[in-house]
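Chemist: Chains S and B supply the protein sequences, listed in that same order. When the first sequence is numbered by the numbering used here, its final residue is 974 and no position is left out of the sequence of numbers. When the second sequence is numbered by the numbering used here, its final residue is 458 and no position is left out of the sequence of numbers.
Honestly, the hints are just simulated from the structure, not real lab data. In this text, a Cβ means the ideal position worked out from N, Cα and C, and glycines have one as well. Please note that a few of the clues may not be correct.
[Unchecked claim] Computed Cβ-Cβ distance ranges for the label pairs, DEER-style: (1) B:318 - S:681: 20 to 30 Å; (2) B:318 - S:728: 46 to 56 Å; (3) B:34 - S:616: 57 to 67 Å; (4) B:318 - S:727: 21 to 31 Å; (5) S:653 - B:45: 43 to 53 Å; (6) B:59 - S:62: 40 to 50 Å.
[Unchecked claim] Output of the computed footprint for chain S on chain B, the stretches with three or more beta carbons under 8 Å from beta carbons of chain S: (7) 66-75; (8) 143-155; (9) 286-292; (10) 397-406.
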Amino acid sequence: MDEGMKDQDASSSAPESMSRRRFLSLMAASAAATSACASPDRDTIVPYTKKPSDVVPGVANHYASTYQEGLVAYGVLVKAREGRPIHIEGNDEHPIFAGKTSHRAQAEIMGLYDAERLREPRLGGAPASWEKAQAAVAAALEKAARERKPVLLLTPAVISPARRAAIAALGRVLPGLRHVAWEPALSATERAAAEALYGTPVAPRYRVERAKVLALFEADLLGSMDAAVPAVAGYARGRMPSRPGEPLSRLYAFESRLSLTGTKADARVPVRPSAAAPLAFAVARLLHERHGLALPAGLSAGDLAPFRADRVAKRWGADPAVLSALARDLARAGRESLAVAGPSLPEEAHAAAGLLNAMLGAEGYTLEAAHSVDPGPLASPAEMARLARELAEGKYAAAVFWETNPSYAVSDADGFGAALDKTPLKVCLGLREDETSRRCDAVLPVNHWLESWSDYEASTDLLALQQPLIQPLYDTKQGEEIILGWVKALGAPVETDPRAGLMARWRREVYPVGTLASFDEFWTAAVHDGVLRRDAAARAPRRLRGSAVASSAKKAAAARPGGLELLLEPDYKVWDGRYAGNGWLQELPDPVAKVCWGNFLSVSGADAKTFGLSDGDVAAVKVGGRSVELPVLVQPGQAAGAVFAALGYGRQGDVASGCGASVYPLVADDGSAPFLRSGVSVSGTGARRPLVRSQQEFGLHDRDIVRLWTPGEYARRAKTPEDTEELATLNDEPRWGEHKWGMAIDLSACVGCAGCQVACQSENNVAVVGPEQAARGRNMHWIRNDVYFVGDPANPQVAHEVMLCQQCDDAPCEPVCPVAASVHSEDGLNEQVYNRCIGVRYCEANCPYGARRFNFFDYTSSIQDPAELAFNPEVSVRPRGVAEKCTFCVQRIRNGEQIAKDEGRPLRDGDIRPACAAACPAEAIVFGDLKDPNSRVSRLARSDRGYKVLRELGTRPAVTYLAELKNPAEEKTI
Amino acid sequence: MSSLPESLREKPLVEGRVSLADLDEHVQSLSETNPPRSWYVAVSITSLVALVGLSTVGYMVSHGIGTMGNNEPVVWGFPIVNFVFWVGIGHAGTLISVILLLYRQRWRNAISRTAEAVTVFAFICAMMFPAIHIGRPWMPHWLLPYPNSRGMWIDFRSPLIWDVFAVFTYFGVSILFWYMGLIPDLASLRGRTKSKVKRAVYGLLSWGWVGDARHWLQYEKAYLILAGLTTTLALSVHSIVSMDFAASILPGWHMTIFPPYFVVGAAFSGFAGVVIVFAFVRTTMKLEGYITMRHMDLLNKMVLFLSCVMTYAYIMEGFTAWYSSNVFDRYIFANYVFGDQWWAGCLTIFCNCVLPQLLWFPKMRRSVPAMVTVAAGVTLGMWFERYTILILSLHRGYLPATWGTFRPTIVDAGILVGSIGIFLTLLLLFLKNMPIIAAWEVKPDIVHYQKDAEVEHA
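Go ahead and model the full structure; you've got the sequences and the hints to work with.
Modeler: Structure, rendered in C-alpha cells:
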C-alpha cells in the first residue's frame with residue numbers, strides 16, 4: 001500500500017458541530033480571514049480599533065534585516081503581510097549582496113513557522129516559567145562564579161557586536177567563563193593558513209566580477225562556499241555577451257566532486273583533492289619559468305623545482321595542456337585573475353593558491369581584505385574532541401549551548417553526549433528541540449532572527465542591522481536577553497532589553513560625533529536601510545610570506561596519490577544540519593545530483609565498478625575506525641580515487657528523521673584538514689536505499705533542447721533565422737492587449753543555484769510533498785533546474801536549464817482541457833483556473849515541458865500549525881485533485897499594474913519582477929513586456945544567442961533561452 | 001440449393017435435429033429454472049471481487065488519485081489503460097450484431113445476444129474509469145454540457161469532450177439495440193411463465209408485443225435501420241477514443257494511424273473476449289447445438305484476420321516513426337521494445353501478432369483449450385498494448401529531465417481486478433435471467449435448414 005498517504009485523509013477531520021451562532025461568527029470571520037489565513041488567534045478575529053499606521057490590509061510591507069549563517073551576514077528584505085513575514089529577498093541597499101540572497105536564507109520563512117520550534121522554557125524536562133528557569137540557571141552560575149569553577153559557553157561564529165557584547169558582559173561577571181565559537185561544517189584551516197601565510201587571520205572578499213581568469217581548486221565558489229551569492233553575481237557579469245567576440249571570463253576547476261562551480265567550468269579537471277596543491281604549485285612554476293613572473297621574497301625557484309608541470313600532471317592524472325593553458329591565461333590576465341583553494345583543503349593548497357594570487361598581483365584587486373573583519377577563531381574538530389574530554393572529566397560547573405548542536409555535529413556524538421552528562425548543569429538556548437537540547441537540564445527557547453534585534457559587522461566599513469518583523473510567536477526570549485538576564489542576576493547592572501541595549505550601544509559607539517541628524521533620525525534611517533556605511537581605515541594589502549609557502553611546497557612535493565580519498569562539505573541545502581527540519585530545503589533537489597531528502601556517497605563510474613556498487617546500493621564508508629552507511633550515487637564527473645559526501649543529514653526530528661545519514665563521524669579529530677580524509681575504504685553492505693531524485697535522466701538523447709556553445713560556435717550560429725522565426729500556424733494570430741508578458745533566461749549566466757526554486761515555493765505556496773511522494777515523482781516545484789550531461793561521463797560538460805511554464809501562445813494544455821480551466825489571458829499568460837479544474841490531467845500529458853503539477857493528495861491539509869502562516873495570501877492554496885503551474889507570478893503583475901495605475905503613470909520596464917527573477921543572483925532571469933520593443937526582455941528575446949525550447953512543436957513559448965557559452969582554452973566542438 | 005456443390009453449400013447453423021420447441025425449451029427455460037450450484041459459487045466469487053474493487057474505488061476517491069501509481073510524468077495510469085481496454089472488449093458485440101447483420105452473416109444470430117450483452121457490460125466497466133480517475137471525482141458531471149448556475153460551458157475543442165459524447169452515444173445505442181432485440185423474446189418469456197409477477201415484468205418490458213405480422217414488419221425494419229445507424233458508431237467510438245491520444249502532441253500518441261488502428265484493436269480484443277465467453281457458455285450451459293464449433297471456428301478466423309491487421313498496423317506505426325526521422329518518435333518506438341519496460345512492448349507483440357498465428361490451423365480453431373489460450377493471450381496482449389501506448393509514451397516525453405518511472409500500487413490492481421469482477425457478475429446475472437440466444441432470429445435458421453434437410457431426404 002502506498003505509504004505516502006498517511007495524514008492526508010481529507011475526510012478524516014470531522015467537522016465540529018455547527019451551531020447557528022458559530023456559523024455566523026465563522027461567516028464574519030471568513031471575510032477577515034481571507035487574507036490572514038489561519039493565525040494562532042483565529043478565534044478572536046476583530047477589526048483594529050487602532051490601526052497601526054503602516055499596516056494596510058492587503059498591502060505588503062517590506063523591512064530590511066540581516067540573517068547570519070556561519071560567517072556570512074546576509075542583508076535581506078522581508079515581505080510582511082498584515083504583520084506576518086511571508087517572503088525573503090535580498091536587500092537592495094546592501095553593497096555586497098545587492099538585492100540577492102541565498103536559497104537557505106529565503107527558506108528561513110519556513111524556519112520561523114517551524115512546528116518543531118521550542119515554545120516555552122523547560123527545566124528538567126518539565127515546562128517552567130521564565131523567572132524560575134532564569135533563576136535556576138543564574139543560581140548555578142553564581143555558585144560557579146563563587147567557587148571560581150569554569151563555565152563553558154559554546155556558540156556558533158560570533159560576528160554580531162550585540163552578541164559579542166552580551167558574551168563579554170557575561171565574562172565580566174563570570175571569570176571562569178570559557179567561550180568557544182564553533183561551526184561544525186566550517187573548516188578552521190583557512191583561517192590558520194591565512195595566519196601562517198599572511199600573518200593576519202582575516203579572510204579576503206573575492207571580487208569575482210573583476211576576475212577574467214579563475215583557477216579554482218576544490219573550491220565551490222559559486223555553490224556551497226560562504227561567498228557564493230556575490231560570487232555568482234560577479235561571475236555572471238562576465239558571461240553575458242551580447243554579440244560574438246565580446247570577452248568572456250574563463251573558469252578552470254580542479255576538483256574531485258562535481259560541484260555547482262564545476263558544472264560551469266570552461267575547463268574542468270577531475271582530480272583527487274590532494275592533487276590541488278601540487279597542481280597549483282606546478283602552475284606557479286610555469287608562471288615563473290615560462291611567463292617570467294617573480295616569486296615572492298622568501299621563496300626561491302628551487303622550492304618549486306619538484307613541480308614540473310608534465311610530471312605533476314601525469315602523477316595526479318591531469319591533462320598537462322590544461323596546466324599550461326591556465327598558466328598562459330593567468331599570465332595574460334595578470335591581476336584580473338583569482339585563484340581559490342577550497343576550505344576543506346590542507347594548508348599547502350591555500351599556500352599554493354595564495355602564491356598564484358601573489359605572483360599575479362591579484363591580492364588587493366580580486367582579493368580584497370582592506371575592510372575584512374576577523375570573526376575570531378573557530379574551534380576545530382580536534383579542539384571539540386578536547387572539549388569533550390574536559391567535559392568528561394567534569395571540569396565545567398555548567399555548560400551553555402547557544403544555538404549550537406554538538407551532540408549531533410561532533411565526530412563522536414555519542415561520546416560527547418555521554419561526556420555532557422558529567423556536567424552538573426547543561427543549559428540550551430535553542431530555537432528547536434534537537435539532539436543537544438534533549439540532554440540539557442534547562443532548555444531556554446530563543447527568538448527566531450525574524451523576531452530579534454541585533455547588528456552585524458559585515459566589514460569594518462559596513463554595519464548591518466537585524467530588526468524583528470513579528471512579535472515572538474511563542475514564549476521565547478532573544479538569546480542576548482537571556483544571557484544578560486543572568487548577568488543582571490549576578491549583580492551587574494545591564495540593559496537586558498535587546499532593542500534598548502542595541503540603541504544605547506549604537507548611540508555610544510556608532511552614532512558619529514557631529515552628525516547633523518538627531519540620533520533618532522540616524523537610527524531610523526539605519527533600521528530602514530538595514531545597513532550603515534561607515535568610514536574605516538583600509539587595512540594594508542596582505543603580503544604573502546614566501547618562507548611559509550616554501551615549507552608548504554615541501555609538503556606538497558612529498559604528496560603522492562594514495563588510497564581512496566573522502567571529501568566532506570556542508571550540504572548545499574541543509575548546510576551543517578541546522579536546516580534539516582526545513583521541508584522546503586529538504587525537498588529542494590541537490591543542484592547537480594538532483595537528490596532530495598537525504599545525502600549520498602558520490603562515487604565515480606570507475607570506482608563504482610571497482611566497488612561493485614550502483615545507484616542506491618548502501619555502502620559502508622570506513623575511515624579512522626569509524627564507519628557510516630550511505631547510499632551510493634554514481635556521479636558523472638566525480639574524480640576516480642575520491643568520494644564525496646555532504647554533512648548535515650541524519651538529524652532527529654519530525655521532518656529530518658530518516659533523511660540520509662550523518663557523516664560527521666567521518667570528520668577527523670586531528671590534522672589540519674579534518675574534512676578531507678585519505679585511506680578510506682568503501683564496501684557494499686548488500687542493502688539498498690533508493691535515492692529520492694527529482695530528475696532521473698541526464699542525457700540529451702540527441703535532442704536540441706539546450707545549447708552549449710563555444711565562442712566560435714556562437715559566431716557561426718548566432719541568429720540563424722530558424723531560431724527566431726515563428727512557425728506557420730492555422731490558428732488566428734493572437735491579438736494581445738496592452739501588454740504581452742515574456743521572459744528571457746540567460747543560460748550562460750545561470751549557475752543552477754536553485755535560488756529561484758525556493759523563491760517560487762515561498763511566493764506561490766508550493767506544497768512540500770515529503771520523501772515518499774517525491775520518490776514517486778510527485779514534486780510540486782513550479783520551476784525546476786534541469787541538468788544535462790554531455791559527452792564523456794568521466795568528465796562531462798554540464799548544461800543547466802531552468803524550466804518553468806513557457807506561457808506558450810499556442811499552448812498545448814489549453815485546447816485539451818474539457819472544462820476550460822486552462823485559458824489564455826490577453827496579456828499572454830496561460831492561466832489555470834483552480835476552481836474550474838476537475839483534474840483530468842490532459843493538460844499535463846500534453847505539456848511538452850513537463851511544467852504542470854498535480855495535487856495527487858490534499859498536500860496542504862498535512863501542514864503542521866503554524867506553517868500555514870507562511871502562505872502568501874495573494875496566491876490560492878490549491879486543493880486536492882487540481883493541476884497547477886507557474887503563473888509568471890500573476891499576483892505580482894497585477895500588483896505592479898495597480899501601483900502604476902494608482903500613481904497615474906504607465907508601467908515601467910522592471911516594475912514587475914516574478915519571484916524567480918527577483919531572487920536570481922545571476923540576473924539570468926529577465927521578465928517584462930514583449931510588446932515594448934525597448935524593454936530588456938524584448939532586447940534579450942532578439943538576442944543572437946536566443947532560442948526557444950522545442951520551438952519545432954509550434955507552441956510559441958513566451959520564454960526565450962540564451963545559449964550557454966563555454967569558453968574552453970582550446971576551441972573544439974562540444 | 002441442392003443443386004449447389006457440397007463445398008459451396010451453406011452448412012447448417014445448428015447441430016443435431018432440433019425443433020423450434022426444443023429451442024424454446026432449451027434456451028428460454030434457463031430463466032425459469034434454478035441454476036446449478038456452480039452458478040451460485042461463481043457469482044459469489046465474482047461479486048466478492050467486484051465488491052473489493054468497488055471498495056478500492058471508494059478508498060481511492062476518499063483519499064486521492066495519489067493512492068494509485070500515477071505521477072509526473074505518467075499522469076494517466078491504469079484507469080485510462082483499463083478504460084481503453086474495456087471499450088475495446090465492448091466492440092465485438094456491435095460488430096457481430098450490426099456489421100455481420102448487414103453483411104447477412106446468418107451465423108451471427110446465435111451469438112449476437114450474448115455478444116451484445118458483453119458490449120453493454122464492458123461499457124459499464126469502461127465508463128467507470130474516466131469518472132473515477134479525475135482529480136475531483138465528485139464532479140464528473142462538469143464534463144457534460146448542461147445549463148448550470150456556474151455559468152460555465154465545456155470546451156468542445158477538447159478530445160475528452162468528444163470522448164464523452166462518443167462513449168455515451170455508443171453506450172446508449174448499444175443498450176437500445178440490445179433491448180430492442182430482446183423484445184420478442186421477452187414476450188415469449190411472458191407467455192411461458194406461470195408466475196404473475198414475472199408475467200407483469202416481462203409484459204412491461206416487452207411493450208405488449210403479440211407478434212402479429214404488422215409488428216414483425218415494422219420491427220424488422222426498425223431493427224435494420226438501427227443496425228445501420230449503429231454501424232457508424234462501431235467505427236466512430238474507438239476512433240474518437242484514439243483521438244484522446246492522437247490529438248495530443250506527445251511522441252507515441254501523436255499519430256494519424258491511431259483511429260483505424262484503435263478500431264481494429266478494439267474489435268480484435270472484443271472478438272477474443274467473445275471467444276472466451278462462448279467457450280465457457282456453450283459447454284456449461286449445454287448450448288453446443290446452437291453455438292456450434294462452426295461458430296467458434298468463424299470467430300477464430302475473425303481473431304486471426306484482425307491479428308494480421310494489427311500486425312500490419314504495428315509495422316506501419318514503427319515504419320512511420322522511423323521514416324519521419326523525428327528523434328522523439330524514433331526514440332519512443334525503440335523504447336517500447338528496447339527500453340526499461342521492454343517486456344511490455346514485447347509481450348504485446350507476442351500476444352497480438354505471434355500467438356494468434358496458431359489459428360491458421362483448423363485443428364486449433366476447433367480446439368477449446370487452444371482457442372481459449374489464444375483469446376486469453378490476445379486479451380492480455382491488448383491490455384498491455386494500451387499500457388505500452390499510454391504509460392511508456394508518457395514516461396519518456398520531450399525533455400529527458402522530465403522522464404520518470406511508473407510503479408502501480410495495490411489500488412491500481414484492486415480496481416482493475418474489481419472491474420473484471422463487475423463484468424463477470426453482470427454477465428452471470430444476464431446468463432441466468434435473460435434469453436441468451438435470440439430465439440426469434442435463430443428460429444428461421446432452424447426452419448430453413450430443416451426444410452433443406454427434408455428436401456434432401458425426400
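Chemist: Now look at each hint and say whether the structure bears it out.
Modeler: So, going through the hints one by one against the coordinates:
| no. | hint | in the structure |
| --- | --- | --- |
| 1 | B:318 - S:681: 20 to 30 Å | 50 Å, violated |
| 2 | B:318 - S:728: 46 to 56 Å | 29 Å, violated |
| 3 | B:34 - S:616: 57 to 67 Å | 59 Å, holds |
| 4 | B:318 - S:727: 21 to 31 Å | 27 Å, holds |
| 5 | S:653 - B:45: 43 to 53 Å | 49 Å, holds |
| 6 | B:59 - S:62: 40 to 50 Å | 47 Å, holds |
| 7 | 66-75 | holds (count 9) |
| 8 | 143-155 | holds (count 5) |
| 9 | 286-292 | violated (count 0) |
| 10 | 397-406 | holds (count 9) |
Checked against the numbered hints listed earlier, the structure breaks hints 1, 2 and 9; every other hint is satisfied.
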